[in-house]
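Let the hints inform the model, and build the full structure from the sequences given.
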Amino acid sequence: MYQYYFRPGYQSEELLIDIFDGAEKETFFPDFMTAIKEIKPKMIDILDLWMNDEVLMTIDSEAGKFTVSKDIWGFAFIMTDHNQEGLYRINSILEQSEQFEKIDVDFENYK
46 MYQYYFRPGY
56 QSEELLIDIF
66 DGAEKETFFP
76 DFMTAIKEIK
86 PKMIDILDLW
96 MNDEVLMTID
106 SEAGKFTVSK
116 DIWGFAFIMT
126 DHNQEGLYRI
136 NSILEQSEQF
146 EKIDVDFENY
156 K
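Going by the working numbering, the letters in the sequence shown line up with residues 46 to 156, in that order.
Hints in this document: simulated from the structure, not taken from any laboratory.
Ideal placement from N, C-alpha and C gives every residue a C-beta, glycine not left out.
Hints are supplied without guarantee of correctness; some may be wrong.
Unchecked claim - Pairs of lysine-lysine, DSS-like flavour, derived with a Cα cap of 27 Å: (1) 147 / 85; (2) 82 / 70; (3) 147 / 110; (4) 110 / 82; (5) 110 / 85.
What the hints assert, rightly or not - Beta-carbon label-pair distances, calculated as ranges: (6) 59 / 94: 32 to 42 Å; (7) 153 / 83: 31 to 41 Å; (8) 70 / 112: 16 to 26 Å; (9) 153 / 85: 34 to 44 Å; (10) 150 / 128: 19 to 29 Å; (11) 153 / 93: 31 to 41 Å; (12) 56 / 143: 27 to 37 Å; (13) 88 / 151: 28 to 38 Å; (14) 156 / 70: 23 to 33 Å.
Dropping the structure here:
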């Protein structure tokens, strides 16, 4: 099971999905792509930021483009540029998935 927050970015109004438990597993990305298959995700770019120990994957889908950032410390973030509706749709799909568990968070902690 993967646990995540659907929360604002720090000092931002923009929301993101913060996978904080389970993203370190090698199966995370395939499991995530399978969970959101109904929006027909297709990877269009991978950027390996080795200096930051991070990989950025750009995905196009029926819900629009979004980015998955995964680092070596076991965190993953799903973010969008100007496509919050798409992020809400991804969150809604993950809420229905048996492999993902949404944990409630206080938005005030990110101001």
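Here is how each hint holds up against the structure:
Between residue 147 and residue 85 the CA atoms are separated by roughly 22 Å; this keeps the pair inside 27 Å, and the hint holds. A distance of roughly 19 Å separates the Cα atoms of residue 82 and residue 70; the hinted pair therefore holds under the 27 Å criterion. For the suggested pair residue 147 and residue 110, the alpha carbons sit about 22 Å apart, so the restraint of at most 27 Å is met. For the suggested pair residue 110 and residue 82, the alpha carbons sit about 14 Å apart, so the restraint of at most 27 Å is met.
Between residue 110 and residue 85 the alpha-carbon distance is near 11 Å, which keeps this suggested pair within the 27 Å criterion. Hint check: residue 59 to residue 94, Cβ distance near 20 Å, so the stated range 32 to 42 Å is violated. The hint said 31 to 41 Å for the Cβ distance between residue 153 and residue 83, and at roughly 33 Å that hint holds. About 20 Å separates the C-beta atoms of residue 70 and residue 112, a value consistent with the hinted range of 16 to 26 Å.
Between residue 153 and residue 85 the beta carbons are some 36 Å apart, a value that agrees with the proposed interval 34 to 44 Å. For the pair residue 150 and residue 128, the beta carbons lie near 21 Å from each other, so the given range of 19 to 29 Å is met. Range check, residue 153 to residue 93: Cβ separation about 35 Å, and the 31 to 41 Å hint holds. At about 34 Å, the CB distance of residue 56 to residue 143 agrees with the hint of 27 to 37 Å.
Judged by the Cβ atoms, the range 28 to 38 Å given for residue 88 and residue 151 holds: they are separated by roughly 33 Å. Under the hint 23 to 33 Å, the C-beta atoms of residue 156 and residue 70, about 31 Å apart, fit the expected range.
Hint compliance for this structure: hint 6 is the single one not met.
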